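Participant: The primary structure of each chain is shown beneath.
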Amino acid sequence: MSESKAPSPLRSAGALQNRIIIIGAGHNGLIAAYYLAKAGFEPLVLERREVIGGACTTEEFHPGFRASLAGSTGPLSSQIINDLQLHRYGFEFIQPKVRVAALNLSGPPICIYEDAKRTATELATHSRHDSEKYPEFLSCFDNIGRALRPLLTMTPPNLDAPSKSELWDLGKLGWKIRGLGKKDEYRLLRYGPMAVARSRRRMVENETLRALVAARGIFGSFAGPWSAGTSAPLLLQAANNGNPIAPAAFVKGGMGALTDAITKAATEAGAEIQTNADIAGVLLKGATAVGVVLRSGEEIFARAVISNADPKTTFLKLVDAGELDPSFLQKIQNYRAYGTVAKVNLALSALPNFTGVDETEKLAGRIHIGPDIDYLERAFDAAKYGDFSSRPYMDITLPTLTDSSLAPGGAHVMSIHAQFAPYKLKNGDWESRREELGDAIVNTLSDYAPNLKDLIVARQVITPLDLERRYGLSGGHIHHGEMSLDQLFAFRPLIGFARYRTPIENLYLCGAGTHPGGGVTGAPGLNASREIIKDLKKK
Amino acid sequence: MPSGDYLWRVNDHAKTRREIARHSKLDAEAYDEYGKAMVEMAHFVKPIMNMTPPDPASLNPKGLMELLTMGRRFQKLSGDDKYNQVQLMTMSAVDFLDQWFETDVLKATMSASGIIGTFLGVRSPGTAYVLLHHYMGEIDGAFRSWGLSRGGTGAISNSIADAAREAGAEIRTCCPIAKIILKNGQAKGVALENGDEIYADIISSSVDPRLTFMKMIGCEHLPEDFVDDIKRYKFRGSSGKVNLALDALPNFTALPGAGPHLRGAVSISPSVDYMERAYDDAKYGRYSRRPYIDIVIPTLTDPSIAPPGKHVMSCFVQYAPYNLKEGNWDEKREEFGDNVIDTIAEHAPNMKDIILHRQVLTPLDLEREFGLSEGNIFQGELTLEQLFFLRPAPGWAQYRSPIKNLYMCGSATHPGGGIMGASGRNAAMVILKGK
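Protein sequences appear in the order of chains A and B. Per this note's numbering, the first sequence starts with residue 1, numbered consecutively. Per this note's numbering, the second sequence starts with residue 540, numbered consecutively.
Note that these hints are calculated values from the structure, not bench results. In this text the structure is predicted, and so the values were computed from the model without any measurement. Note that beta-carbon positions come from the ideal geometry of N, C-alpha and C, so glycine has one too. Please note that the accuracy of each hint is not assured.
What the hints assert, rightly or not - The calculated lysine to aspartate or glutamate pairs, modelled on DMTMM-like cross-linking and capped at a C-alpha distance of 20 Å, are:
(1) A:Lys424 x B:Glu906
(2) B:Lys822 x A:Glu205
(3) B:Lys871 x B:Asp819
To be verified - Covered, in the sense of this in silico footprint (three residues per stretch, anywhere, with C-beta under 8 Å from a C-beta of chain A), are these stretches of chain B:
(4) 620 to 634
(5) 656 to 667
(6) 830 to 836
For reference, chain A alone in the conformation it holds in the complex (with noise of 0.2 Å):
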């Protein structure tokens, strides 16, 4: 677990010239943290929580009841995790055989598993064509997530002057688009820029399989799958993990498990740690970043400062605004980052019957309920007119099929994902609709599994507003801003600002506020790291 020293004030000058501050200790913090280390700086990872993770924990929501804030991992770089080694430091991950069982009213479950040839046999049950489309729906979108991966580790580029290297790397990514052929190179210029209901109607026609497919598009996003842009995200997905449908891959211990071995891994590596820090603000001497000061006053200097908070923390609450340009200040109060997820954790007597669902291993992935793309879209009504669905869209999981230590003996944890909660309400604030919003999500689960009620032994409701305070996630948004087209790659968060520097001198970003976004993957971590280590080697 994390040390939980009192902050140790720095004394020797020498010690600067490789002391870094990483404010947050997020996975992309720690991430970072690690990479700097083995570079020979000496990271000092401030958090101000007492747990490290940021919103990649594990907590005990109810004695003897644990669940990971988190969902399922994004999933995390392969290449990170073979970095850090992490199996070294107890991580394990748990694939279950089913991705995912997506639930409707009136049948049984459309199961996705890791085994294409299983799926592509019972979806022919629901529909004919899409299950002999399959194998070509999976491949097509392996292919593009294939020529798009490069993207995910790629520093975006300079707009004003790319450098012959960045010129060099796109005309590469550029060029295996091309290999793609035309037809999916035409593919992937439209699906950027489409609304995910739209794509791939060709192959698939079950309702409740695009919606599937759409949910992707739209998770913790303020966004219905008729949105425009909804694809990218999607695109981005599959550069990430060349399948349709996100994975389900859970941490043995939740998701604190995989932050607790990256803590490990870049302790090890030699940066150091520390909880209850809570910082005040970046220390500045003119526009250049020096230090932090905490709240209690104390300052420690540093040669340079990264923020794994998300942007809007960062620049409005952590710099002083005096010695930021208007224009920018103002452009940062306008990236958009209002939350539309909450999240609600429950703990259970026992494993809930859900209607229609005969085979318990079908409910060992993710469970989407989501039956249609309307109904998606009707959620997400509701949050453009300041309100919470009364029916959400919901990914949940029950971990303790494939964990059980996350709960007693028998006894289990349902871990739900739900939009759209968004963060402004019209009507009323979240402190006082909190149990409302809980009522809405176990009332809707119920018409799925009808004994869930009697089941509930303690029920957990986070709110976009707790996420907020709790978690220090600006708006609540999970993804440190919309990963909107406008705010994507070389626009996350701001054009001209999108590679992991700010108009401070050394003071950083790493978190999902840049490039590539939001969803565990750690690539923010890794790029920041790698621009930050360039950056210092020159000086």
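Place chain B on chain A using the hints.
Facilitator: Below, chain B alone, put in the same frame as chain A:
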């Protein structure tokens, strides 16, 4: 406005500013800044309107040079302009306007131009682009002004026809074309519905690709990919038109009397939520219970189109989705018309008393009468995935078609709809170059 108030923008900039200031001083100042920024954006985009789109998939060096030049022009923009340009291409009209203004009714009416002719809501990403598209209307060099032509828009077509005839063109009406004649895969002429055949070296179609290729040629003569793309090309008509012959002028409660405010457009778009809910209805397959209506009374600037003292009220209505979940447009036409008039009557109570005659054009009527597939007024939606080098199909955005000697010159090509004439001109240039 729901409160009974109104917001009025006029050609007199100072007057508009004072009027906006009546609602919000901040917005009045922002309005100037906004105008300047939009003009900058329009200047940047304008040359793109006039170019033939390059083909990113081709190895043609000229095409690549054009893309590079565009990239360079973008690079040269100031930081703020780059930011605005990216936002304009991707954001929703309301999100974009939220960054400038606070007055809800101002945002509602401004965002309305972002959804004209589209099957999108004011909060849908991609609608900020359409805002710009409308900002580029140029009358006598004055960017962004709209004009009402004397004699209606029909007069514009007539003037163009006159000019064409004078240059040597021949125009025949009442000549419905049934098929394009092919010989050895090449276009040789057209066959009229009455059986007559007219041969030509070059055929250029200004009707949309669905009509051109599915109806007049037939899928069997076309490459499979192209057919897929044309089938996929989105029309999704979303608007209807209600034309009213009036005995007198409407009397709007918010601004009573026959004042100068009636000479422009009267916009029924009281709030952003109102606009968005109108779109929600369409998403689920019904016409908007409370539609967005853009009203023009052209007789106030051109009395020649109605008997003296009488008026014409032209109402553009959204949303009227081509695909209804229940029933069809023939059944629902009158009900739709009633709904429009009821909505206007809420703002102008004398409405029902002054109507002499009404004409309701549903998307189905637009399709039947005017050859606009699914009633889409732009010959296909103006969404990013079917614009520029993707319009109407990837690889076929240069006014040529897979059939030799057959070209496309309507709004289903770059730069899209709106009465600009750029498609026709660009296509003509390509045809001439081909000779």
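Participant: The region 620 to 634 of chain B covered by chain A? Criterion: 3 or more residues, Cβ-Cβ distance below 8 Å.
Facilitator: holds (count 8)
Participant: At least three residues with a C-beta closer than 8 Å to a C-beta of chain A: is that true for the region 656 to 667 of chain B?
Facilitator: holds (count 5)
Participant: If you look at each residue in the region 830 to 836 of chain B, do at least three have a Cβ nearer than 8 Å to any Cβ of chain A?
Facilitator: n = 0 at 8 Å, threshold three: violated.
Participant: Mind checking the alpha carbons of lysine 424 of chain A and glutamate 906 of chain B for me, to see if they're no more than 20 Å apart?
Facilitator: Distance of about 42 Å is beyond 20 Å: violated.
Participant: Can you confirm whether the C-alpha distance between lysine 822 of chain B and glutamate 205 of chain A stays at or below 20 Å?
Facilitator: holds, 19 Å
Participant: Is lysine 871 of chain B within 20 Å of aspartate 819 of chain B, Cα to Cα?
Facilitator: holds, 19 Å
Going down the numbered hints, you'll see the structure goes against 1, 6, while the others check out.
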